[in-house]
Each structure stands twice: as structure tokens, then as C-alpha cells.
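Single-letter residue listing:
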Amino acid sequence: MSPESPRDPAPPPRLLIVDDVAANREILARLFTGRGFQTLEAEGGREALELIGRERLDLVLLDVMMPDIDGLEVLRRIRAEHSPVALPVIMVTARTESEDVVEALTAGANDYITKPVDFPVALARAQTQIGRKRAEDEVREVEGRLRASQKMEAIGHLAGGVAHDFNNLLLVVDGYARIALRSAGDAAAVTEALSEVLRACDRAESLIKQLLVFSRRQIVDRRIVRVREALSEVEALLRPLLGARIRLVLEVAPEAAGLCVDTDPTELAQAIVNLAINARDAMPEGGTVTIGLRRAEVADGVPTPGAYAEVSVTDTGSGIDPVALTHIFDPFFTTKEQGKGTGLGLPMVYGFAQQSGGGVTAETELGTGSTFRVFLPLSDQQPAADVTDVEPALRGRGETILLVEDDDQLLRLARCTLEELGYQVLAASNGLEALEIEGEQPVDLVLTDVVMPALGGFELAAILRESRPELPVVFMSGYPTRGALKSVSIPAGAIFLPKPFKPADLARAVARALAPQPSNPEEVAA
Amino acid sequence: MTAPAPFVPLKAPSLAELQVLVVDDQANALNLIKDMLKSMGVQSVFTAAEAAGALELLKERQDLVDVVLCDWSMPEMSGLELLREVRKTHKDLPFIMVTGTADPSSVLAAKDGGVSGYIKKPFSSEELRKKMSSVARVKAYRS
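Chain order of the listed sequences is A and B.
Going by this note's numbering, the first sequence opens with residue 203, and the numbers climb by one from there.
Going by this note's numbering, the second sequence opens with residue 119, and the numbers climb by one from there.
Honestly, I wouldn't trust all of these hints.
[Unchecked claim] Across the chosen pairs, the derived CB separations fall in these ranges:
| hint | chain 1 | residue 1 | chain 2 | residue 2 | range |
| --- | --- | --- | --- | --- | --- |
| 1 | B | Glu199 | A | Ser669 | 46 to 52 angstroms |
| 2 | B | Gln161 | A | Ala379 | 43 to 49 angstroms |
| 3 | B | Gln180 | A | Gly377 | 25 to 31 angstroms |
| 4 | A | Asp376 | B | Lys209 | 29 to 35 angstroms |
| 5 | A | Val451 | B | Ser132 | 35 to 41 angstroms |
| 6 | B | Lys209 | A | Ala379 | 19 to 25 angstroms |
| 7 | A | Pro671 | B | Ser132 | 35 to 41 angstroms |
| 8 | A | Pro671 | B | Ser242 | 30 to 36 angstroms |
| 9 | A | Asp523 | B | Glu245 | 43 to 49 angstroms |
| 10 | B | Gln161 | A | Leu373 | 34 to 40 angstroms |
| 11 | B | Gln161 | A | Pro718 | 40 to 46 angstroms |
| 12 | A | Pro718 | B | Glu199 | 47 to 53 angstroms |
| 13 | A | Asp523 | B | Ala170 | 51 to 57 angstroms |
| 14 | A | Gly377 | B | Ala170 | 25 to 31 angstroms |
[Stated by the list, open to error] Chain B side only, calculated, beta carbon under 7 angstroms to chain A, not exhaustive:
| hint | residue |
| --- | --- |
| 15 | Lys152 |
| 16 | Phe164 |
| 17 | Asp210 |
| 18 | Lys248 |
| 19 | Ser261 |
Simulated from the structure, these hints should not be mistaken for lab results.
Here the structure is a predicted model, which means the values were calculated and not measured.
Don't be surprised by glycine CBs; every beta carbon is placed ideally from N, CA and C.
Next comes chain B alone, as it looks inside the complex (with noise of 0.2 angstroms):
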């Protein structure tokens, strides 16, 4: 094969179109994770406190919505449930999951519900702007 050329990380790309919406019962974590989101200049972020605000948003707007962030345990429905209910509907939106403890089988389902990506809590806003770096090029493409 020819000479490896030098590898240039690619540049980060803009995360100010990006539009999230975030999943979380508690509301502490919940605006933390929003007040990341907008340091790392994502403008659009819509926020539910439970599951079922969340899939009104996703069925009257789909089009608002680039990537579920999700949180795990909640009550009434959780995050699994929800990551199912939305993948009646949804196959191709990036749907992440942040987790405090999960354990393999929940992993594994998941996995089989089509989950796109796990952050493990406690997490670095780089580690949220690396996955949201990700879902920019796929909304990139897919424009």
C-alpha cells in the first residue's frame, strides 16, 4: 500500500445547527447537560422531563430534533422504553443513552432496541461534544 500520509484529525465540525433533544426526570442533570450543550454552541436544545413529552415533541416535530439524548432510569417510562416507542418511528435518528450503572443485559437490549451510542455518566463535555461532533457530519450528509 502507498506511504501512510500524516493523519490530520479532522476539524471539528460546527454544532451550531445542531438541534438535541434531551431526556431526563432530574432537572439538575437536565440543565446540566443543556448548559453544556449551548458551551459548545449547539443553539437548539429542547428538554423533557419524561418520556411521553419527549415523543409529542418527536411525533408533532420531528423535524426540530437531530439526536435523542436520553437518560436511562426514569419513572413511568424509561429509557429503554422509550428508545423502542421511538424506533417504531424513527429508524435512522441517533438516539444515545446516558447512563449512571447499566448493566450488561440492559446493555444488550438496548443494543437490540437500536441504541446509537452510550455515555457513561459522569461524563466530560468532551465526551458529549465528540458523540454530538458525530451526529453533526450525519445531519451534514444527510441535508
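Pulled out of the complex, with its shape left as it was, chain A reads as follows (with noise of 0.2 angstroms):
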């Protein structure tokens, strides 16, 4: 594939010619347009003003003499309403006038030339202008950067996201512990509620865990991350932000599960989320926020050819206008309402895939949506991720994991885990889509969360084990389970893994439940 250059080649410079003289307009017109100059033609001062009021433009050559408004007066006007950095003018003026040359200056002309117009030294004088004008607007765009904390949009957001899983949360908390304390004699509702505070209490935990993503704060704090990894840690971060009306799909093509980037984790979560929630703010109806991740060889356009990861947002909301498009990764551009966006969004997701040394492209398609493209080279490092820790003796070997779990974001964990660590996955979010699955394709261990509606981990594992009896089954639990399921059957020989684990227990624990039986726990335990 081929994707344009993140941030187009800088489009041809435009250049407003004034002259009363439409010979005049016509030869520098030539001129210029043959040296890649976009030009405009106005024939006297009036019309002059007019066409810089209304279109962007880039420098204007303005000749002195003029008979409707003389350009002296239509430089002073233009001075009036823009400095002469945003809008450079050249004057054009004959030898003799050498006051008009210093009036001119006084007034804030940025250069002249006389007439006749020597060529080579008019087109180097504009070049000259238009060089010094984009250096400025780049000056002024880091300086923005700098000014503003460009964190500060993001984590606004976040926080209120943060805020309303948390209120969820206590409600949860707070309701089973008054029901725990309503029911001080009957010790089995007791142990009910207070099981249901502990699982409110892990979710908080893993909810942490997220936020922390944001508050690693170093400069730059760049490390070899696995961008699959990253995506699923900001999926769960954003679904609170989304709200209920947007559908979030996490597209991960088969290729691009290992690929790694050598950048900041934090800033690359800034970046999805920063692109995400304009997603969201395109779509006040709903929609569907797809991320894609997939692996894209680059021949021309992003700074360098080479092999890049390619980490996409798209959205099914308005699109942009095209002439917003060209200003969307301008420093305070919004097209929000005041007060909703700070502008400084897509300048952020800019910087940081140009330090990362890729690049950031934008399609879009009015009524149809919006794509963002974030590129950024691959490494061929892996992370000194937890899982990499992990020995060789203890990881897979291609086995098939038939993993149930309830809650998704557990499950994609244990998932990504297990698969990093060898293992074929089957996943299930509850026992009787277990059962599907355990019917229809070999299963070397099941891998069970304890508490689901209907069919919960013991009893999945007692139905499985009817047929194969030597099925090995790790329990995966939140609290003291052996106490508050004492009404159930543990099953013989049982593994359990407490919830929150580390890869490296899982590990531990699937190594030990596959090895061959009878095994020797302490030679696996190592």
C-alpha cells in the first residue's frame, strides 16, 4: 500500500498579483505559476481587499501605482487586519520612487521590487517571503504546542469517564455492604454481599490500572511497546468515554498481532484516545468508532519507505469540510463549540507520530466519515514485557485453551496473555457457550472464571470432565473461594489462580495443569 504523505507536501504557495495593468498581471502570473506558485489576479486596490478577505493566501504583490485606491493605502489596510508575518506583501515600484520605497517599508511592506520587473530577483524576493512565513507558522505552531498542555484535553475526558465507572462502582460497594450489614445473622448473605464488594473491589483495581496508563509522565518515555497490547489497554479505557450510542470494534488483522513500535505508551494512548473522542464527537447520533491495527509496507509519502504499523480510527459520523481538512492539525483549529474542544487534539496525535518517526494521514468523506491513519515504524525488538519474563519451560507449546470468562476485559487479557505465551485460545464469556465450543474442537485445559449466571466454573468443569475425565482445569477466582462456595463441589485435583494475576502466574499455573500426570508440583513450581 501506498498511503499519501501523512501531512500533504506543503500545497503550492498563493500569491495575489495587483496591477492595473493586466499585461503586467499576465507576465507575472507566467512567471510564477511555472515555479509551482498558485496565483490570483486583482486589478486594482478594491478588488485587492476584497479577494484577501476572502481567500487564503500566501503573499501579495502589490503595485504602488493604482488608479482607484493607490497601494500604499491598500497595504496600510491590509497591515490593518493582518501582521506581516501572516500576510507578507512585496511592492512593486518604479526606480524613481525611491519615498514610496521607505513609506512603503514604514508601513509594512516586507520587500519590493522596481519595474521593470528583473525576473530571478522578484522570484527569489517571494520565495524568499514565503519560506520565512512558513517557518514562522511553524514556530508559532511548536510554541502553541508548548503553551498548552496538550494532555489536558485528553485526561479531561478520561477523567469524567473515570468518574462515572467509579460512581458505578461504589454503588455496588455501597449497596452489598448495607446489605451485609442488614443481614448480620444470616452468615450465607452475609458472605453473598460481601463476595460482590470484593469483585466491585477488582474491577476498581483494573480500573486503576488503566488510569495509571496516563500518569507515567516522564518527557519522553519511549520503550518498545506491542501495539496490540496497547490498543486493547485503551479499548477498555474508552468504551466509558464512548457512551452507549457508539459501537467500538478493535480490528486487529492477523499479521499485525505482535508488531511492535519503538515510542511512548502513554503518548500513543494519548493519540487513540485524543482521535477516538473526536470520532465520537462527529457522530451526536451514534455510530461505530472502528480501531484498526494492521501492518503497512510504505513505498512513498510517510517520512521514509519501510514497514510501518499502521493504527487506524474511523468513524461513520459527518466528515470534515474540505477546508477544515487542511487546518486540522493546526494548533487551537476546532470546529467544536467553544468550551467543548481545545484544538490542540490532532496537533498532539501530529507531534507525537512525527517524534515517533512516522506520520499521520487524514481521509475523509462528507456524510460518509473520517479515517485517521497513524504510522509508526516497526521494531524488530520485543517489549521486556512481564510475559517475556516468563521461562521458556513454563510457556505453551501450541496448545488449545479453552478460556471462560465472563467479564470481556478479563478476557482479553488472559487471552493476549495466554496466546503471547503459546497457547491456541478458544474463548467463551460464559459455561454454556463453553460447552458449544468444548463439543465441537479439541480442548487441551479450561481455563474458568468461577462465578457466571446459569453455569458457573465448577459446574462447567464437572459436565466437561463426564466426557473427559482427564480434561485439566485451572479455576480463575476473584475472592476466597473454597469459603464462600462451600456449597459446591471443588473438583479433585483443582488449580486455582487468584484474580488479579500476573502473566508470569498464569503461567505457572496452565504449565502445571498440562503437565504430564502424575506430576511433581515442585519441580513446575519452580
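Mind assembling these two chains? They're in different frames, but the hints should get you there.
Dropping the structure here:
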């Protein structure tokens, strides 16, 4: 594939030629268009001012002698509105009018050329002005980014989402604590209520972990990051942010699951959050945000040809109008209402992509939606993640694990970890689904949550073992299972994995369960 | 680990003993599901055209129901509301939602409500049979 350059090569400079003599305008226009300029023409001061008010311009070539409003007056009116940095003006004057030159320069002309026009000189001066304007623009952009903390917007949104989630958890804790108080005499009811409290605490803990993604704050904290993992973390953060009317889809191309990049994971997360928030705001009536990850071979466009991880954020919203599209990466440019956006989201994304040696592109279609693609150069290194600490003896050899967990987030996490450990994973979000899968495909081990509606982990294990008595089972449990669920028979030789667990804990439990029987626990527990 | 034994798919359990409660306000859908179930050997199929009827049956004769197959969108009381109501008293009863279109937030709500699975319309008899087989395994174990 070959995407357009992340930020299109600088568009042609737009030049306004103001002269009352048509032949002069034509000659200049031909000269400049031949050198890559886009030219507009005005035959008098009035028309010139009108065009300046309406068009985006990079430079004005302004004849001093004109019948309607003379050039110096036009210049003064331009300067009342536009600084020499914002709109450079080059005066065109006859050799003899040296007072005019002084007056023009005093009034804010950036430069002057004399008639008859020496073309190479005119071109050089024009290009100097254009170059300076562009450099100034960039400086202002950088200053703008320094002045305002780029994180504020993302963090503001996040705080809102997290507060919402935390409130829900507090409600649960509060409610069950009260039930426990009321049921003081009823041990079973108290146990059940406290179990719910602990479960809420588990969720709170994972919520905090996600939030911590944003608190690692060094200037740039680059490391090798597995993009898919970063996306999974962000995905969990985004759900509450996007709200119920927006569907969030994560599409990871099969070959992209292991892609690693050398970047600041906090900034990567921020960039995606910023893009997703924009996507949300483009769909007030609801819609779908798709976060995609794939491997992109770039032939030209992005800074250097090569292999990139392409993270895309696509919405089904209103699209961006073409005029706004040219400004979307400018700091403080925002199409949102006052107070709704700082206009720093996309510049942050742009800056982040640049710093990572990649780029960002925007595609949009009015009424259909927009896609932003962030390209990050691939790294051939592996992250120093927890999983790599796991000794080879505890890794999988392609065994198939049936993973049963009703919490989406934990399901994803465990799935990711197991896949990285070298296992194949079949995922089910409840017991019945697990039975269905197990009935059709060979399974080497079952890793299951304990408490699930309709069919809990213990019962599931017992049913599975009716037909396959040797099937190894590991139970993941968030709270002191043996006490809380005394009434349920715990399968013989059951291995428990307390939540929350680290990848190494998971690896150990699974390896132990898969070890040939009779097992030697000391040996495997090493 | 030991050399993997060749995989033999489980023999489909008999569905003859299974007792299914189908809840759907659309008579034609209700009859279709009923016919499908009958043709795969299920002998006891109860139907309810609205949630209230289903609750009634569950209250009076919960021993007659091994699984609820419930349409998502119904007037009066929706499938989700029925699920929540059923879960108050029947924590272990398999409850399968039959849905045409379900947005993720409703799916999430159903999940929180303790749904045991979904069947997406339109579905084949085979899909339904797989679900019923799983329920039959649960029933066989529990009895």
C-alpha cells in the first residue's frame, strides 16, 4: 500500500498579483505559476482587498501606482488586519519612487521589487517571503503546543469516564455493604454480599491500572511497545468515554498481533484517545468507531519508505469539510463549540507521530465519515514485557486452551497473555458457550472463571469431565473461593489462580495443569 | 505433555428429555422455533406470547423448564426485562436471547443481567441444536 504523505507536501503557495495593467499581471502570473505558485489577480486596490478578505493567501505582490486606491493605502489597510508574518506583501514600484519604497517599508511592506521587473530577483524575493512565513508558522505551531498542555483534553475526558465508572462501583460497594449490615445474622447472605463487594474492588483495581497508563509522565518515555496490547488497554478506557450510542470495534489484522514499535506508550494511548474522542464528537447521533491495526509497507509518502504499524481510527460521522481539513492539524483549530475542544487533540497526534518517526493521514468524506491513520515505524525488538520474563519451560507449545470468563476485559487480557505464551485460545463468555465450543473442538485445558450466571466454573468443569475425565482445569477466582462457595463441590485436583494475576502466575498455573500426570509440583512450581 | 489423542467430537446428547420455554410475541417466529425444536427431537416445548405468561409458568412449574429461549424485543416487557426478572429467582436457569439486531450496550446489559447466550436471527436449525445440546448436557449433569 502507499498512503498519501501523512501531511501532504506543502501546498503550492498562493500569490495575489495586484496591478492595474493586465499585461503586467499576465507576465507575473506566468512567471510564478511556472515556478509552482498558484496565482490570483486583482486589477485594483478594491478588488485586492476583497480577495484578501476572502481567500487564503501566502503573499501579495502589490503595485504602488493604481487608479482606484493607491498601493500604499492598500498596504495600510492590509496591515490593519494582517501582520507581516501572517500575510507578506511585496511592493512593486518604479525605480524613481524611492520615497515610496521608504514609506512602504515603514508601513509594513516586507520587501519591494522595482519595475521593470527583474524576474529572477522577483522570484527570489517572493520565495524568501514564503519560506519565512512558513518557518514562522511552524514556530508558532510549536510555541502553541508548548504553551498549552496537550494532555489536558484527553485527561479531562478520561477523568469524566473514570468518575462515571467509579461511581458505579461505589454504588455496588455501598449497596452490598448495606445488605451485609442488614443481614448480620445470615452468614450466607453476608458472604454473598461481601463477595460482590470484593468483585467491585477487583474492577476498581483494573480501572486504576488503566488510568495509570496516563500518569506515567516523563518527557518522553520511549520503549518497545506491542501495539495490540496498547490498543487493548485503550479500548477498555474508551468504552465508558464513548457512551452507549457509539459502538467501538477493535480490528487487528492477523499479521499485526505481534507488531512492536519504539514509542512512548502514554502518548500512543493519548493519540488514540484524542482521535476516538473526535470520532465520537463527529457522531452526535451515535455510530461506530473502528480502531484498526495492520502492518503497512509504505513505498512513498510517510517520511521514509518502510514497514509501519498502521493504527487507524474510523468513524461513521459527518466527515470534515475540505476547508477545515487543511487546518485540522493546526494548534487551536477546532470545529467544536466554544468550551468543547481545545483544538490541541490533532496537533498532539501529529506531533506524536512525527516524534515517533512516522506520520499521520486524514481521509474524509462528507456524510460518510473520516479515517485517521497513524503510522509508526516497526521495531524488530520485542518489549521487555512481563511475558518475556516467563521462562521457556513454562511456555506453551500450541496447546489449545478453552478460556471462559464473563468479564470482557479480563477475557481479553487473559487471551492476549495466553497467546503470547504460545497457546491457542478459544474464548467463551459463559459456561453454555464453553460447552458448545468444547463439544466441537479439541481442547487441551480449560481456564475458567468460577462465578458466572446459569453455569458456574465448577459445574462447567464437572460436566466437561463427564466425557473427558482427564481434562485439566484451572479456575480463576477473584475472591476466597473455598469459603464463599462451600456448597459447590470443588473438583478434585483443581488448580486455582487468584485474580488479579500476573502473566507469570498464569503461565505457571497453566503449565502445572498441563504437566503430565502424576505431576511433580515442586519441579513445576520452580 | 502427552501426545494428543485424536479428537472425537462429542456424541450429540439426546434432546428428547429437554423442556424448552419459547417466548416470542410474533406467532410465526414462535411456531418456527417450536417446529425446529420438535424436529430435533425436543418433545416438551412450551410457548408464551409475552413475558408475563413466561413468568407465570416459571413461577407455577419451574420443573417444566430447562431453558428459556426468549425474543429480545417484545412489547410490554422486553426480553431483557424478563431476563432480569427471571434471574431474581432462577440464578441457574439457562436463558438464551434470540435477537435480530442488538446494539453493544444492550448486549452488555444482557450480560450483566446474566444471559447465557445469544442466537442471532436468522439462525439455522444446526445453531439452535448446538445450544440445546449444551443445555442437555447441563440438564443431564444436574439430574
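Problem - Interface hint status, B:Lys152 versus chain A (Cβ within 7 angstroms) - result: violated, 21 angstroms
Exercise for the section: Closer than 7 angstroms between Cβ atoms is the bar; does B:Phe164 clear it against chain A? Give me holds or violated. Expected result: violated, 19 angstroms
Problem - Status of the given 19 to 25 angstroms range, CB of A:Ala379 versus CB of B:Lys209 - result: holds, 21 angstroms
Exercise for the section: With 35 to 41 angstroms as the target window, see if A:Pro671 and B:Ser132 comply at their CB atoms. Expected result: violated, 21 angstroms
Practice task
Could you tell me whether the CB distance from B:Gln180 to A:Gly377 stays inside 25 to 31 angstroms?
Solution key: This hint holds: roughly 27 angstroms between Cβ atoms.
Practice task
May I ask you to test the hint 43 to 49 angstroms on the CB atoms belonging to A:Asp523 and B:Glu245?
Solution key: holds, 45 angstroms
Handout entry: Status of the given 40 to 46 angstroms range, CB of A:Pro718 versus CB of B:Gln161
Key = holds, 45 angstroms
Problem - C-beta pair B:Glu199, A:Ser669: status relative to the range 46 to 52 angstroms that was hinted - result: Violated: the Cβ-Cβ distance is about 36 angstroms, outside 46 to 52 angstroms.
Handout entry: chain A contact restraint for B:Asp210 - C-beta distance below 7 angstroms
Key = Check passed: Cβ of B:Asp210 comes within 6 angstroms of chain A, closer than 7 angstroms.
Problem - Hint check for A:Leu373 and B:Gln161 - Cβ pair distance inside 34 to 40 angstroms - result: For A:Leu373 against B:Gln161, whose Cβ atoms are near 45 angstroms apart, the range 34 to 40 angstroms is violated.
Problem - When the least beta-carbon distance from B:Lys248 to chain A is tested against 7 angstroms, hint result - result: With Cβ-Cβ at 5 angstroms, under 7 angstroms, it holds.
Practice task
Could you tell me whether the CB distance from A:Gly377 to B:Ala170 stays inside 25 to 31 angstroms?
Solution key: Between A:Gly377 and B:Ala170, where Cβ atoms are some 28 angstroms apart, the hint holds.
Checked against the numbered hints above, the structure breaks hints 1, 4, 7, 10, 15, 16 and 19 and satisfies the rest.
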